Amino acid sequence: MSSFGFHLAFWLLAAMTVGGASMIIVSRNLIHAVIYLVISMLGVAGLYLTLSADFIAVVQVLIYVGAISVLMLFAIMLTPRAERNNTETSLKLPAAAVMVLILTATVFVALDTDWGAVRQAALADQARLIGQSLIREYVLPFEIGAVLLTAALVGAIALARHDDEDAAIHAQSLQAEADGTAEDVALLTDPPLVEVEADAGAGEDGGS
Amino acid sequence: MIIGLEEYLALGALLFSLGFYIALSKKNAVGVLMGVELMLNAVNLTLIAFSRFSTSDITLSTQVFVIFIIAVAAAEVAVGLALILVVYRNRQTINVDRTTLLKG
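Protein chains in written order, with my numbering: chain A, 26 to 233; chain B, 314 to 417.
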């Protein structure tokens with residue numbers, strides 16, 4: 026496959042991927058860094074397409090570009106008083122040295138080895154084949170993956186929720202139900218609203 | 314010049330080392346997670362490239378493997394971001410230089 030269009034697509038997507046990843050290093054604003062991460066992930070999805078892995082490309086766009094980047098933006102927005110800058114720690118120079126070592130070693134091996142590679146025929150009807158093999162020969166890893174995702178979800182919720190506040194609000198609502206008065210319900214809703222407004226104000230200050 | 318396996322492998326190595334640098338050097342915990350995600354992407358790209366250019370027909374099993382890697386990466390990000398939120402709630406910062414509770 027050496028047509029001009031294929032070359033153009035490969036080099037453009039490679040530039041997009043590597044450029045996005047480099048801009049994560051360069052950009053000083055964390056939210057911009059997430060946007061560059063999205064660009065890099067989209068480039069990788071395009072590279073999957075040039076390797077005729079259509080289903081993986083769609084999964085990449087759905088999960089990385091759609092879900093993980095939004096999750097990261099959520100984490101940034103939920104930490105309003107933390108610093109938004111994206112600078113390096115004191116490990117910058119050793120990290121750069123190890124990075125250059127890894128890069129030279131792997132690129133040398135990749136270019137020096139005779140892989141004896143031949144381009145395989147593209148898999149036709151990929152989504153159906155992948156789905157079938159997921160419920161036949163890979164059914165056990167599939168089920169383990171389902172359990173892992175459930176455990177991760179429950180763990181993330183258990184870690185991220187406010188235990189003390191929830192317990193206090195729950196106790197208050199039980200008390201209000203027992204008393205059956207409207208005053209208590211009004212008292213119950215007021216403090217959280219004030220707190221949310223204070224948080225939003227702090228978030229705007231931090232963002233600007 | 315024909316674009317073959319070597320170009321994809323070199324690109325995957327470059328992406329992996331960029332992700333490695335970001336994961337090691339960023340001050341912000343979300344930035345560290347971004348680096349980890351880039352490294353996982355580079356590995357997936359390398360796997361797909363190997364499956365496309367291999368001598369035997371491993372395309373289907375490689376793609377299933379990559380799907381599992383993506384699923385585990387999604388679980389890892391969800392738990393990692395929840396941990397970042399807990400650190401933020403306790404210390405009001407997500408700067409990895411300032412979370413020094415275990416430092417002697």
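Bear in mind the hints are in silico, worked out from the structure with no lab data behind them. Here the structure is a predicted model, which is why all the values come from computation and not from measurement. Here a beta-carbon is modelled for each residue, glycine too, at the ideal position from N, C-alpha and C. Treat the hints loosely; a few may be bogus.
Covered by chain A, per the in silico footprint, the following chain B stretches (three or more residues, Cβ under 8 angstroms) [stated by the list, open to error]: (1) 336 to 344; (2) 355 to 365; (3) 371 to 381; (4) 384 to 390; (5) 394 to 405; (6) 411 to 417.
In silico DMTMM-like pairs for lysine to aspartate or glutamate, Cα to Cα no more than 25 angstroms straight-line [claimed, not checked]: (7) A:Lys117 / B:Asp410; (8) B:Lys416 / A:Glu108; (9) B:Lys416 / A:Glu113.
Comparing the hints with the structure gives:
Chain A is given as covering the segment 336 to 344 of chain B, and this holds because 7 residues of the stretch bring a CB closer than 8 angstroms to a CB of that chain, at least three being needed. Interface restraint, the segment 355 to 365 of chain B with chain A: holds (6 residues with C-beta to C-beta distance below 8 angstroms; minimum three). Taking a C-beta to C-beta cut-off of 8 angstroms, the segment 371 to 381 of chain B contributes 8 residues in contact with chain A, enough for the three needed, and the coverage statement holds. For a cut-off of 8 angstroms, the count of residues in the segment 384 to 390 of chain B with a CB near a CB of chain A stands at 7, and the three-residue condition holds.
Residues of the segment 394 to 405 of chain B lying with their CB closer than 8 angstroms to a CB of chain A number 9, which satisfies the three-residue condition for coverage. For the segment 411 to 417 of chain B, the stated coverage by chain A is violated: 0 residues have a C-beta nearer than 8 angstroms to a C-beta of that chain, whereas at least 3 were required. In summary, the hint linking Lys117 of chain A to Asp410 of chain B is supported, as the alpha carbons are separated by about 12 angstroms, within the 25 angstroms threshold. A C-alpha spacing of about 22 angstroms is found between Lys416 of chain B and Glu108 of chain A, which places the hinted pair at or below 25 angstroms, so the restraint holds.
Note on Lys416 of chain B and Glu113 of chain A: the hinted pairing holds, with a Cα-Cα distance of about 20 angstroms set against a maximum of 25 angstroms.
Violated hint: 6 only; the structure is consistent with all others.
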